[in-house]
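These protein sequences, in sequence, are chains A and B.
The numbers in this note's numbering rise by one with no breaks, and the one at position 59 of the first sequence is 425.
The numbers in this note's numbering rise by one with no breaks, and the one at position 62 of the second sequence is 71.
Source of the hints: derived by calculation from the structure; they are not laboratory data.
Remember, it's a predicted structure, so these values are computed and weren't measured experimentally.
Please note that a few of the clues may not be correct.
[What the hints assert, rightly or not] Calculated cross-link-like contacts (lysine to aspartate or glutamate; reagent style EDC-like; alpha-carbon spacing at most 20 Å):
1. B/Lys112 to A/Glu463
2. B/Lys57 to A/Glu483
3. B/Lys56 to A/Glu483
[Said to hold, decoys possible] What follows is a set of in silico ranges between Cβ atoms, one per label pair, in the way DEER data are often shown:
4. B/Asp127 to A/Gln528: 34 to 40 Å
5. B/Lys80 to A/Ala453: 58 to 64 Å
6. A/Ser540 to B/Gly60: 29 to 35 Å
7. B/Lys56 to A/Ser539: 39 to 45 Å
8. A/Asn526 to B/Leu36: 45 to 51 Å
9. A/Gln528 to B/Val31: 46 to 52 Å
10. A/Leu425 to B/Asn79: 38 to 44 Å
11. A/Leu388 to B/Asp72: 42 to 48 Å
12. B/Tyr59 to A/Val474: 36 to 42 Å
13. A/Leu467 to B/Trp43: 17 to 23 Å
14. B/Met29 to A/Asn573: 38 to 44 Å
15. B/Ala18 to A/Asn526: 51 to 57 Å
[Stated by the list, open to error] If you only want the chain B side, here are some residues facing chain A, beta carbon under 7 Å, derived:
16. Lys20
17. Cys21
18. Leu25
19. Val26
20. Cys27
21. Leu28
22. Ile30
23. Val31
24. Val38
25. Leu39
26. Lys56
Cβ coordinates follow ideal geometry from the N, Cα and C atoms, glycine included.
Single-letter residue listing:
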Amino acid sequence: MKNSFKKVALGGILSNNPTLKLVLGTCPTLALTTAAMNGLGMGAAVTFVLICSNVFISLLRKIIPNQVRIPAFVLIIATFVTIVRLALDKFLPDLYESLGLYLPLIVVNCIILGRAESFASKNGVLWSAADGLFMGIGFTLALTLMGLVREFLGYGSIFNLQVWNFQIGFFASSAGAFFTYAVFIAVFSLISAVISKKRKQKASKLNTAKGDK
Amino acid sequence: MANFFKSTAFKCVTVLVCLMIVLGGALAVLNSLWSVSPEERTSRAIKKIYGTEVSYITLLDIDSQVEGVNKTAIEYTDLGKINKIYQIGDDLLFQATGEKGYKNGTITVWVKVVNQNDSYKIDKVLLESYEKQTLMSQLKSSYYDNFLVDVTTAYENGQAFTTEKDKGEFSNPISGATKSATAGNNAVNCVIKYLGVDYEK
């Protein structure tokens, strides 16, 4: 399957968005979107791990035997997650504390292992890096937007800046996380369906015009 | 024998071992470059409690590399131990580890004790780390914060934090299938006991 930059970019952010379309990585999505900053931080960490692990796995794809590819991938992913943990603990301790247990859980995030298995192990280094980057951007955007909504409605703040005093405790709770996630998936699916319908209409008009000629 | 070295099994093992050595080596180097020293952790805790960096006098620090500083932890049977004591102005800052938590785990906390008219009161408790406990995000420092009982007399009055209910202000009843505030309570009780028994003003 031939890759194109547009396909890889739009795939990671829109058509194959890991959070809103593929519904992967739901654990950090639900747990860390109480604040936009947490969502942004987790997204950045996952993006870094995605890019590095995709590049490394792509470099070694012809060396790693098929029989041990999963253990090898997990080893590589765990290494980069540890690097992220060391860096955050050293340079961004507040973010390290707020991400807490979910930072080491990036190792078992389905998005990273899934992209390693389905893309990085079958494509070149540059394409794998691009795939990791745009998948990470898609994940980060989804988490940050969800975090913005939940933080605004649940705590009345945006990026830790108090905006108003009105707070709906439901959105700060776990139930609110599920509800917000469901609404986001529904809205994203609706927008995707509308765009897909318009594309089909456009394509059928073009076909009709060609047929008339 | 030659066939073994050409086999897939050998290739699999070799690749995995090589990966482990290379990646492990890289992590070892980065760990030594980016390790956070105990002094840095202390500074972070102080900044978190006081909101800014403040100067302090070290009275006890088991991790200190400075000569002349007391490095022996103060241990209390069935409670835990005090690892660090700093004097900040008239206040005292303790790092204490409480024992006898869930699965015999421990909880380490920072305890800020303020001096009010020559009596000492617990002002803030900050969770530092824990072992073998779960759901420690539920161990809120607000249970201990602003504990305006004179801790210099609390010990001799038999007052200490407990997970038992109906013990008034000292009751901290967090407990559950896999979590317990016992170790956290014991850490704070170490400070109460020290100030009541061993502290010389």
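Structure-based check of each hint:
no.	hint	in the structure
1	B/Lys112 to A/Glu463	violated, 24 Å
2	B/Lys57 to A/Glu483	violated, 42 Å
3	B/Lys56 to A/Glu483	violated, 44 Å
4	B/Asp127 to A/Gln528: 34 to 40 Å	holds, 39 Å
5	B/Lys80 to A/Ala453: 58 to 64 Å	violated, 30 Å
6	A/Ser540 to B/Gly60: 29 to 35 Å	holds, 31 Å
7	B/Lys56 to A/Ser539: 39 to 45 Å	violated, 30 Å
8	A/Asn526 to B/Leu36: 45 to 51 Å	violated, 32 Å
9	A/Gln528 to B/Val31: 46 to 52 Å	holds, 48 Å
10	A/Leu425 to B/Asn79: 38 to 44 Å	violated, 52 Å
11	A/Leu388 to B/Asp72: 42 to 48 Å	holds, 46 Å
12	B/Tyr59 to A/Val474: 36 to 42 Å	holds, 38 Å
13	A/Leu467 to B/Trp43: 17 to 23 Å	holds, 20 Å
14	B/Met29 to A/Asn573: 38 to 44 Å	violated, 56 Å
15	B/Ala18 to A/Asn526: 51 to 57 Å	holds, 54 Å
16	Lys20	holds, 5 Å
17	Cys21	holds, 4 Å
18	Leu25	holds, 6 Å
19	Val26	violated, 11 Å
20	Cys27	violated, 9 Å
21	Leu28	holds, 5 Å
22	Ile30	violated, 11 Å
23	Val31	violated, 9 Å
24	Val38	violated, 11 Å
25	Leu39	holds, 6 Å
26	Lys56	violated, 10 Å
Checked against the numbered hints given earlier, the structure breaks hints 1, 2, 3, 5, 7, 8, 10, 14, 19, 20, 22, 23, 24 and 26 and satisfies all the rest.
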